[in-house]
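Fit chain U to the given chain X structure using the hints.
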Amino acid sequence: MFGGLSFDICPGQLVQIEGANGAGKTSLLRILAGLSRYGFEGRVERHAPLLYLGHQPAVKAMLTPRENLAWHVAGEADFGAAAIDAALARVGLYGYEDVPSHALSAGQHRRVSLARLYLSNSPLWLLDEPFTAIDVDGVAALEERKAAHVAAGGAVVFTSHQPMRGNYNVRRLCLRRGLL
Amino acid sequence: MSAPSLPAFCLRLVRRQLVLAVRRPVEILNPLLFFAMVVALFPLGLGPDPKSLASFAAGTLWIIALLSNLLTSDTIFRGDYDDGSLEQLLLAPQPLYFSVLAYLGAHWLLTGVSLALISPLFALMLNLPLEALPALVASLLLGSGVMSLVGGVGAALTVGLKRGGMLISLLILPLYMPVLIFGSAAVRAAAQGFPAGPQLAILGAMFCLAIALAPLATAAGLRISIDA
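As given, the protein sequences belong to chains X and U, one line each in that order. Going by our numbering, the first sequence wraps up at 180, each residue one higher than the last. Going by our numbering, the second sequence wraps up at 228, each residue one higher than the last.
Bear in mind the hints are in silico, worked out from the structure with no lab data behind them. This list has only true hints and no planted wrong ones.
With beta-carbon atoms standing in for the labels, derived distance ranges:
{"no.": "1", "chain 1": "X", "residue 1": "A20", "chain 2": "U", "residue 2": "L11", "range": "42 to 48 Å"}
{"no.": "2", "chain 1": "U", "residue 1": "D227", "chain 2": "X", "residue 2": "E18", "range": "21 to 27 Å"}
{"no.": "3", "chain 1": "U", "residue 1": "A228", "chain 2": "X", "residue 2": "D135", "range": "29 to 35 Å"}
{"no.": "4", "chain 1": "U", "residue 1": "F34", "chain 2": "X", "residue 2": "A82", "range": "43 to 49 Å"}
{"no.": "5", "chain 1": "X", "residue 1": "R37", "chain 2": "U", "residue 2": "L209", "range": "24 to 30 Å"}
{"no.": "6", "chain 1": "U", "residue 1": "A228", "chain 2": "X", "residue 2": "E18", "range": "24 to 30 Å"}
{"no.": "7", "chain 1": "U", "residue 1": "V22", "chain 2": "X", "residue 2": "E45", "range": "41 to 47 Å"}
{"no.": "8", "chain 1": "X", "residue 1": "A151", "chain 2": "U", "residue 2": "S114", "range": "50 to 56 Å"}
{"no.": "9", "chain 1": "U", "residue 1": "A228", "chain 2": "X", "residue 2": "A20", "range": "22 to 28 Å"}
{"no.": "10", "chain 1": "U", "residue 1": "P178", "chain 2": "X", "residue 2": "R176", "range": "53 to 59 Å"}
{"no.": "11", "chain 1": "U", "residue 1": "L130", "chain 2": "X", "residue 2": "Y38", "range": "51 to 57 Å"}
{"no.": "12", "chain 1": "X", "residue 1": "P163", "chain 2": "U", "residue 2": "V26", "range": "43 to 49 Å"}
Selected chain U positions facing chain X (Cβ under 10 Å, derived; list incomplete):
{"no.": "13", "residue": "R12"}
{"no.": "14", "residue": "G79"}
{"no.": "15", "residue": "D83"}
{"no.": "16", "residue": "R223"}
In this text, a Cβ means the ideal position worked out from N, Cα and C, and glycines have one as well.
If we strip away everything but chain X, and leave its shape as in the complex, we get (with noise of 0.2 Å):
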């Protein structure tokens, strides 16, 4: 799909990873991630723990988000219920902790996932697409959110289509028929 590509990431860096439909995004992200070790030639050097966030929002239907961000399947920290609250409340959710998940909209599903980044304290963010199905307030929560963790010398690399709203320093990695 593509060949030739090599990069770092650093601390304080915001990847944006750009290219037509097709181009190979999401699977330079699995690979960054290390869901895709087959498929490919090369090395990745990973240096910290990392926070995945793919094009399923991995929410169980039959849970609250409550209950999905405290039994989640990443085997991250313990929360605590106050900082799973607080998340939730951070990413518009207030009020919907308990509410069983298969009654939330697509919208909050992502929006549940996207409560990961409140909580984890992972150093680099690999995000698929994380404005899907997410409304325009939403979007620059996320920015912003974004933006407080590079600030805090943290690290993230995501996909999409859209620039990013706000003034944001943006690295941008174009993907072109398999090159950069």
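Relative to the frame of chain X, chain U by itself:
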């Protein structure tokens, strides 16, 4: 904040799976209902003579238990694959071996253990001698553990396929055969008044081997399926 310890994480996974199952009781009840239905069909097909029923009871009960396990093993990772949870599980810092063991353990508790505990009721319907009941429960407990663990390997390899149901049967059915042979032999021996210990010991050995090896194969299978 640091990552939870391994036992805490595994307990969290088991609890999550159990809560999910309790909120969708159909998935627990379906195998039991299947078991009840097929047991009820046998006297209709074989004739109601208690003696002939008793002579077939051990093998019949074990075959139905095997099939009902086969029906559910497809679902172990299916939901988590569809909603993206499986990717997150693979990225967790804890070793996948133990996470997988927690998933398969939860599956065993929900299908095998519940079936083993309720099996004496079905055994009486088929006129199995009372003295064979302890051997039946013990052999089903051990044997269903092996079947859940082995079924997990098949489930992991076929979870990426849209219709993996038939393929999973072909993959794991041969591996179920030794379990069926020694499981039903244990019950038959007990029904004829012989000790069932040797057969149960072999089932126990299979269980230990499966605990040691099946999660390794399952974890590798999941990594391949998620990569495809």
